[in-house]
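Engineer: Sequence:
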Amino acid sequence: MSKTDTADEAGISAVSRPAPRRRSRRADSPFWAALFVGPNVILFTVFMVIPIVWGLALSLFDWNLIYEPRFVGFDNYVALLNDARAINSVSKTVYLLVLGVVPTVFLSFVLAVLINTNFPGYSVFRTMYLLPIVISLVASAVLWKFMYDPRVGPIAQLLSFFGISGPNWLQDTTWAMPALSLVIVWLRLPLGIILYLAALQQINPQLLEAAEIDGAGPWAKLRHIIWPNVMPVTLLILVLTLRGIIFDSFDIAFVMTKGGPLNSTDILAVYIYDLAFAQLRLGYASALSTVLFVIVTILALIFNPPRRRPTNGDPV
Numbered sequence: 247m248s249k250t251d252t253a254d255e256a257g258i259s260a261v262s263r264p265a266p267r268r269r270s271r272r273a274d275s276p277f278w279a280a281l282f283v284g285p286n287v288i289l290f291t292v293f294m295v296i297p298i299v300w301g302l303a304l305s306l307f308d309w310n311l312i313y314e315p316r317f318v319g320f321d322n323y324v325a326l327l328n329d330a331r332a333i334n335s336v337s338k339t340v341y342l343l344v345l346g347v348v349p350t351v352f353l354s355f356v357l358a359v360l361i362n363t364n365f366p367g368y369s370v371f372r373t374m375y376l377l378p379i380v381i382s383l384v385a386s387a388v389l390w391k392f393m394y395d396p397r398v399g400p401i402a403q404l405l406s407f408f409g410i411s412g413p414n415w416l417q418d419t420t421w422a423m424p425a426l427s428l429v430i431v432w433l434r435l436p437l438g439i440i441l442y443l444a445a446l447q448q449i450n451p452q453l454l455e456a457a458e459i460d461g462a463g464p465w466a467k468l469r470h471i472i473w474p475n476v477m478p479v480t481l482l483i484l485v486l487t488l489r490g491i492i493f494d495s496f497d498i499a500f501v502m503t504k505g506g507p508l509n510s511t512d513i514l515a516v517y518i519y520d521l522a523f524a525q526l527r528l529g530y531a532s533a534l535s536t537v538l539f540v541i542v543t544i545l546a547l548i549f550n551p552p553r554r555r556p557t558n559g560d561p562v
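Per the numbering used here, the sequence shown starts with residue 247, numbered consecutively.
Simulated from the structure, these hints should not be mistaken for laboratory data.
Errors might be hidden in some of the hints.
Said to hold, decoys possible - Taking CB as the label site, the calculated pair distances span:
{"hint": "1", "residue 1": "348", "residue 2": "327", "range": "26 to 34 Å"}
{"hint": "2", "residue 1": "389", "residue 2": "414", "range": "35 to 43 Å"}
{"hint": "3", "residue 1": "381", "residue 2": "279", "range": "36 to 44 Å"}
Yeah, the Cβ is synthetic: ideal placement off N, Cα and C, and Gly gets one too.
Starting from the given sequences, assemble the full structure and let the hints guide the process.
Structural biologist: Put into structure tokens, the structure is as follows:
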């Protein structure tokens with residue numbers, strides 16, 4: 247082959263090879279990043295950051311919307327220590343967390359595993375478990391309040407069929423909080439199931455097949471393969487459930503019991519609402535809201551601590 251033919255082939259290959267595209271400077275411009283991120287940042291600032299800062303500032307004042315605000319410093323926080331109802335509200339909130347968080351995480355995991363195995367009739371159940379997301383919190387509270395009715399409610403009718411006289415669920419100091427926790431678990435289950443299903447579908451099927459070849463049973467696969475792989479999602483569900491119960495339980499408790507009977511369901515959110523809009527003690531209510539915010543932040547950091555970014559040479 248002559249040098250001319252070699253040069254011609256090199257020229258043809260150079261022509262046929264597509265030239266590398268240059269990255270547009272406009273795509274890397276900070277303007278486009280600000281254009282897409284800006285609206286979310288503005289909304290987050292207006293509806294989250296500013297109210298939080300305003301609440302922190304208001305907690306240092308005594309204000310009833312009628313007279314001029316009076317600066318009292320940390321007196322509102324000191325008053326919390328001597329407020330028996332505030333202490334009761336904290337204890338009831340913790341009680342609700344215990345009754346709501348553990349069953350939500352456990353049932354979400356179990357139901358997600360069952361759905362992932364495609365058991366008979368799973369398609370119907372897969373549609374029904376999303377119903378709590380579709381229904382609003384207030385509508386769910388009204389629905390469950392009817393179900394707990396001791397005379398005409400479906401639960402009372404079912405118990406009477408077996409000759410059992412059920413309690414007056416929402417008017418009994420013993421059963422009111424467990425009744426509320428059942429509604430909250432029902433509302434929080436769909437999100438937990440969805441997150442667990444997403445995590446289960448990311449598990450490499452070859453790991454499960456290899457475990458079966460080695461003679462591992464369902465319990466061994468669940469314990470040594472499935473559960474370790476969904477642990478990060480479990481922490482996420484735990485934090486989201488804690489946050490949801492503390493903040494979203496107000497609608498359920500207020501509509502169903504209004505904190506009663508005898509303050510047995512008087513959680514922090516209900517007490518803060520009563521302080522701010524019934525007693526017009528906005529400064530004291532803001533102080534209690536700040537304490538609630540700090541509690542949620544501490545719990546979030548405990549169950550989902552910030553992770554250090556991996557550097558070169560560090561394991562991911």
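Engineer: Give a verdict on every hint.
Structural biologist: Checked hints:
1. 348 / 327: 26 to 34 Å: holds (29 Å)
2. 389 / 414: 35 to 43 Å: At roughly 18 Å between Cβ atoms, residue 414 and residue 389 fall outside 35 to 43 Å, so the hint is violated.
3. 381 / 279: 36 to 44 Å: Since the Cβ atoms of residue 381 and residue 279 sit about 38 Å apart, the hinted range of 36 to 44 Å holds.
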